[in-house]
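With the sequences and hints as input, model every part of the structure.
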Amino acid sequence: ACAVAERDQGRPPPQLDLPPLSMLVVYAFPANCRVDLRRPGGKWEYLDDVPVRREIAAGSYEVRVTLKPTGESRIKTVELGPWASNYSRLADALRKKGQVDEAIVCYRKAAELAAKLEPKLDYWCGLGVSLRFKGELDEAITCLRKSVEIRPDYGPSWQELSIALYLRNKHGDAEESVSCARKSVALEPKVAEARRTLAAALSVDGKRDEAMASYRETLALHPKDGIAWHNLGVVVVQRGRLDEALACHP
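Numbering (this note's numbering), first residue to last: 1 to 250.
Read the hints as simulated data drawn from the structure, not as lab findings.
Do not rely on the hints blindly, as some may be mistaken.
[Unchecked claim] DSS-like mimics (lysine-lysine), calculated; alpha carbons at most 25 angstroms apart, straight line: (1) Lys170 / Lys134; (2) Lys68 / Lys43; (3) Lys116 / Lys146; (4) Lys207 / Lys190; (5) Lys190 / Lys134.
Here is the structure:
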(Lines of atoms letter the chains of each structure in order from A; the text may use other names.)
(Lines give C-alpha, C1' and ligand atoms only; values in the text may rest on other atoms or scores of the structure.)
Protein backbone atom coordinates (compact mmCIF):
# COMPACT_ATOMS: atom_id res chain seq x y z
CA ALA A 1 0.00 0.00 0.00
CA CYS A 2 1.21 3.51 -0.71
CA ALA A 3 0.53 6.46 1.53
CA VAL A 4 0.38 9.98 0.18
CA ALA A 5 0.89 12.95 2.47
CA GLU A 6 -1.99 15.39 2.56
CA ARG A 7 -1.32 18.77 1.04
CA ASP A 8 -0.55 21.45 3.61
CA GLN A 9 -3.54 23.68 3.16
CA GLY A 10 -2.63 27.36 2.95
CA ARG A 11 1.01 26.77 3.83
CA PRO A 12 3.36 28.81 1.64
CA PRO A 13 6.49 27.13 0.26
CA PRO A 14 9.65 27.67 2.34
CA GLN A 15 11.80 30.64 1.42
CA LEU A 16 15.39 29.44 1.33
CA ASP A 17 18.24 31.89 1.10
CA LEU A 18 20.27 29.76 -1.30
CA PRO A 19 23.56 31.14 -2.58
CA PRO A 20 24.15 30.30 -6.25
CA LEU A 21 26.45 27.28 -6.22
CA SER A 22 29.13 26.48 -8.77
CA MET A 23 32.12 24.18 -9.22
CA LEU A 24 35.76 25.21 -9.62
CA VAL A 25 37.97 22.66 -11.38
CA VAL A 26 41.72 23.32 -11.79
CA TYR A 27 44.29 21.07 -13.45
CA ALA A 28 47.95 21.92 -14.06
CA PHE A 29 51.06 20.29 -15.47
CA PRO A 30 53.37 19.57 -13.83
CA ALA A 31 51.16 18.57 -10.94
CA ASN A 32 53.26 19.92 -8.04
CA CYS A 33 51.32 23.20 -7.94
CA ARG A 34 49.27 24.97 -5.32
CA VAL A 35 46.09 26.91 -6.01
CA ASP A 36 45.10 30.16 -4.31
CA LEU A 37 41.79 31.94 -4.74
CA ARG A 38 40.38 35.39 -4.11
CA ARG A 39 37.57 37.65 -5.08
CA PRO A 40 38.83 40.49 -7.34
CA GLY A 41 40.80 42.87 -5.14
CA GLY A 42 40.46 40.61 -2.09
CA LYS A 43 42.94 38.60 -0.04
CA TRP A 44 44.52 35.46 -1.45
CA GLU A 45 43.52 32.24 0.32
CA TYR A 46 45.08 28.83 -0.19
CA LEU A 47 42.54 26.47 -1.72
CA ASP A 48 44.34 23.18 -2.38
CA ASP A 49 47.05 21.49 -4.42
CA VAL A 50 46.14 20.46 -7.95
CA PRO A 51 44.03 18.77 -9.09
CA VAL A 52 41.26 20.87 -7.53
CA ARG A 53 37.54 20.18 -7.68
CA ARG A 54 35.70 22.37 -5.19
CA GLU A 55 32.07 23.47 -4.81
CA ILE A 56 31.98 27.21 -4.16
CA ALA A 57 29.60 30.14 -4.48
CA ALA A 58 29.09 31.36 -8.02
CA GLY A 59 30.69 34.66 -9.03
CA SER A 60 33.94 36.25 -10.21
CA TYR A 61 37.26 34.94 -8.89
CA GLU A 62 40.97 35.26 -9.48
CA VAL A 63 42.75 31.92 -9.48
CA ARG A 64 46.50 31.77 -8.90
CA VAL A 65 48.40 28.57 -9.75
CA THR A 66 51.95 28.44 -8.37
CA LEU A 67 54.63 25.93 -9.33
CA LYS A 68 56.06 24.95 -5.94
CA PRO A 69 59.72 24.26 -6.90
CA THR A 70 60.23 27.65 -8.56
CA GLY A 71 57.53 29.89 -7.12
CA GLU A 72 56.49 30.87 -10.64
CA SER A 73 52.77 31.63 -10.78
CA ARG A 74 50.02 32.52 -13.20
CA ILE A 75 46.76 34.31 -12.42
CA LYS A 76 43.51 33.94 -14.30
CA THR A 77 40.14 35.61 -13.74
CA VAL A 78 37.18 33.27 -14.04
CA GLU A 79 33.42 33.77 -13.99
CA LEU A 80 31.67 30.82 -12.36
CA GLY A 81 27.98 30.45 -13.11
CA PRO A 82 25.59 28.38 -10.98
CA TRP A 83 25.45 24.65 -11.65
CA ALA A 84 22.14 22.83 -11.64
CA SER A 85 23.76 19.61 -10.39
CA ASN A 86 24.82 21.29 -7.15
CA TYR A 87 21.23 22.22 -6.34
CA SER A 88 20.13 18.71 -7.26
CA ARG A 89 22.63 17.15 -4.85
CA LEU A 90 21.48 19.50 -2.10
CA ALA A 91 17.87 18.57 -2.87
CA ASP A 92 18.69 14.84 -2.69
CA ALA A 93 20.26 15.33 0.75
CA LEU A 94 17.30 17.36 2.00
CA ARG A 95 14.81 14.78 0.79
CA LYS A 96 16.69 11.97 2.53
CA LYS A 97 16.48 13.99 5.76
CA GLY A 98 12.73 14.31 5.33
CA GLN A 99 12.83 18.02 4.45
CA VAL A 100 10.64 17.59 1.40
CA ASP A 101 9.46 21.21 1.11
CA GLU A 102 13.04 22.45 1.10
CA ALA A 103 14.04 19.72 -1.36
CA ILE A 104 11.31 20.85 -3.76
CA VAL A 105 12.67 24.41 -3.71
CA CYS A 106 16.16 23.11 -4.63
CA TYR A 107 14.87 20.73 -7.31
CA ARG A 108 12.93 23.59 -8.89
CA LYS A 109 16.10 25.69 -8.96
CA ALA A 110 18.06 22.84 -10.54
CA ALA A 111 15.39 22.32 -13.19
CA GLU A 112 15.24 26.06 -13.89
CA LEU A 113 18.99 26.28 -14.41
CA ALA A 114 19.10 23.10 -16.46
CA ALA A 115 16.42 24.39 -18.82
CA LYS A 116 18.66 27.37 -19.61
CA LEU A 117 22.13 25.81 -19.57
CA GLU A 118 21.91 22.01 -19.56
CA PRO A 119 18.61 21.06 -21.24
CA LYS A 120 19.67 17.45 -21.83
CA LEU A 121 20.20 16.81 -18.11
CA ASP A 122 17.30 15.44 -16.07
CA TYR A 123 16.48 17.04 -12.74
CA TRP A 124 12.74 16.41 -13.07
CA CYS A 125 12.60 12.93 -11.54
CA GLY A 126 13.63 14.07 -8.06
CA LEU A 127 11.20 16.98 -8.23
CA GLY A 128 8.40 14.68 -9.36
CA VAL A 129 9.03 12.19 -6.56
CA SER A 130 9.13 14.95 -3.94
CA LEU A 131 5.87 16.43 -5.23
CA ARG A 132 4.31 12.96 -5.08
CA PHE A 133 5.32 12.71 -1.42
CA LYS A 134 3.40 15.95 -0.84
CA GLY A 135 0.32 14.68 -2.68
CA GLU A 136 0.82 17.13 -5.58
CA LEU A 137 0.09 14.38 -8.10
CA ASP A 138 -0.82 16.48 -11.15
CA GLU A 139 2.43 18.45 -11.05
CA ALA A 140 4.39 15.33 -10.09
CA ILE A 141 3.12 13.57 -13.22
CA THR A 142 4.00 16.58 -15.37
CA CYS A 143 7.57 16.54 -14.00
CA LEU A 144 7.96 12.80 -14.41
CA ARG A 145 6.73 12.99 -18.00
CA LYS A 146 9.52 15.50 -18.64
CA SER A 147 11.98 13.12 -16.98
CA VAL A 148 11.11 10.15 -19.23
CA GLU A 149 11.16 12.44 -22.27
CA ILE A 150 14.75 13.46 -21.47
CA ARG A 151 15.85 9.98 -20.34
CA PRO A 152 13.62 7.37 -21.96
CA ASP A 153 16.06 4.61 -21.00
CA TYR A 154 16.01 5.42 -17.26
CA GLY A 155 13.87 2.81 -15.53
CA PRO A 156 13.29 4.57 -12.17
CA SER A 157 11.57 7.52 -13.87
CA TRP A 158 9.12 5.20 -15.63
CA GLN A 159 8.50 3.44 -12.31
CA GLU A 160 7.87 6.71 -10.46
CA LEU A 161 5.55 7.91 -13.23
CA SER A 162 3.63 4.65 -12.96
CA ILE A 163 3.22 5.11 -9.19
CA ALA A 164 2.04 8.71 -9.52
CA LEU A 165 -0.49 7.71 -12.18
CA TYR A 166 -2.07 4.87 -10.24
CA LEU A 167 -2.22 6.99 -7.10
CA ARG A 168 -4.05 9.76 -8.97
CA ASN A 169 -6.22 7.16 -10.74
CA LYS A 170 -8.14 9.50 -13.02
CA HIS A 171 -9.72 8.25 -16.23
CA GLY A 172 -7.05 6.44 -18.23
CA ASP A 173 -4.38 6.71 -15.53
CA ALA A 174 -4.46 3.04 -14.50
CA GLU A 175 -3.91 1.78 -18.05
CA GLU A 176 -1.08 4.26 -18.65
CA SER A 177 0.40 3.33 -15.26
CA VAL A 178 0.63 -0.31 -16.37
CA SER A 179 2.32 0.75 -19.62
CA CYS A 180 4.90 2.84 -17.74
CA ALA A 181 5.56 0.04 -15.25
CA ARG A 182 6.14 -2.43 -18.09
CA LYS A 183 8.75 -0.08 -19.55
CA SER A 184 10.44 0.13 -16.14
CA VAL A 185 10.56 -3.67 -15.84
CA ALA A 186 11.88 -3.99 -19.40
CA LEU A 187 14.72 -1.62 -18.52
CA GLU A 188 15.41 -3.14 -15.08
CA PRO A 189 14.07 -6.70 -15.10
CA LYS A 190 15.90 -7.76 -11.93
CA VAL A 191 14.83 -4.80 -9.76
CA ALA A 192 12.17 -5.84 -7.23
CA GLU A 193 10.68 -2.36 -6.90
CA ALA A 194 10.03 -2.18 -10.65
CA ARG A 195 8.21 -5.52 -10.66
CA ARG A 196 6.21 -4.66 -7.53
CA THR A 197 5.14 -1.39 -9.15
CA LEU A 198 3.93 -3.29 -12.20
CA ALA A 199 1.94 -5.67 -10.00
CA ALA A 200 0.39 -2.76 -8.07
CA ALA A 201 -0.53 -0.97 -11.31
CA LEU A 202 -2.15 -4.14 -12.67
CA SER A 203 -4.15 -4.50 -9.47
CA VAL A 204 -5.39 -0.89 -9.63
CA ASP A 205 -6.34 -1.51 -13.28
CA GLY A 206 -8.48 -4.45 -12.15
CA LYS A 207 -6.16 -7.08 -13.62
CA ARG A 208 -5.69 -9.02 -10.39
CA ASP A 209 -4.74 -12.35 -11.99
CA GLU A 210 -1.92 -10.59 -13.85
CA ALA A 211 -1.00 -8.75 -10.66
CA MET A 212 -0.66 -12.05 -8.78
CA ALA A 213 1.51 -13.42 -11.59
CA SER A 214 3.71 -10.32 -11.43
CA TYR A 215 4.13 -10.62 -7.67
CA ARG A 216 5.06 -14.28 -8.09
CA GLU A 217 7.63 -13.35 -10.72
CA THR A 218 9.05 -10.85 -8.23
CA LEU A 219 9.26 -13.52 -5.54
CA ALA A 220 10.92 -15.97 -7.93
CA LEU A 221 13.75 -13.43 -8.21
CA HIS A 222 13.55 -12.11 -4.64
CA PRO A 223 12.10 -14.85 -2.41
CA LYS A 224 12.69 -12.83 0.79
CA ASP A 225 10.86 -9.71 -0.44
CA GLY A 226 8.40 -9.18 2.42
CA ILE A 227 6.52 -6.39 0.64
CA ALA A 228 5.84 -8.62 -2.37
CA TRP A 229 4.63 -11.43 -0.12
CA HIS A 230 2.30 -9.08 1.76
CA ASN A 231 0.92 -7.47 -1.40
CA LEU A 232 0.42 -10.86 -3.04
CA GLY A 233 -1.59 -11.91 0.01
CA VAL A 234 -3.77 -8.81 -0.29
CA VAL A 235 -4.56 -9.51 -3.96
CA VAL A 236 -5.23 -13.19 -3.22
CA VAL A 237 -7.75 -12.15 -0.53
CA GLN A 238 -9.39 -9.79 -3.02
CA ARG A 239 -9.80 -12.78 -5.35
CA GLY A 240 -11.49 -14.70 -2.50
CA ARG A 241 -8.75 -17.30 -2.08
CA LEU A 242 -8.43 -17.13 1.70
CA ASP A 243 -6.65 -20.46 2.15
CA GLU A 244 -4.04 -19.49 -0.41
CA ALA A 245 -3.60 -16.11 1.26
CA LEU A 246 -2.46 -17.80 4.49
CA ALA A 247 0.56 -19.16 2.61
CA CYS A 248 1.62 -15.67 1.49
CA HIS A 249 4.25 -14.84 4.07
CA PRO A 250 7.99 -14.17 3.85
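Okay, the hints, checked on the actual structure:
The straight-line distance between the Cα atoms of Lys170 and Lys134 is roughly 18 angstroms, inside the 25 angstroms bound, and the hint therefore holds. Straight-line distance between C-alpha atoms of Lys68 and Lys43 comes to about 20 angstroms, which keeps the hinted pair within the 25 angstroms bound. Among the hinted pairs, Lys116 with Lys146 is consistent with the structure: their alpha-carbon atoms are about 15 angstroms apart, no more than 25 angstroms. A threshold of 25 angstroms between alpha carbons decides the hint, and for Lys207 with Lys190 the separation of about 22 angstroms falls inside it, so the pair holds.
Our distance criterion of 25 angstroms between C-alpha atoms is broken by Lys190 and Lys134, whose separation comes to about 29 angstroms.
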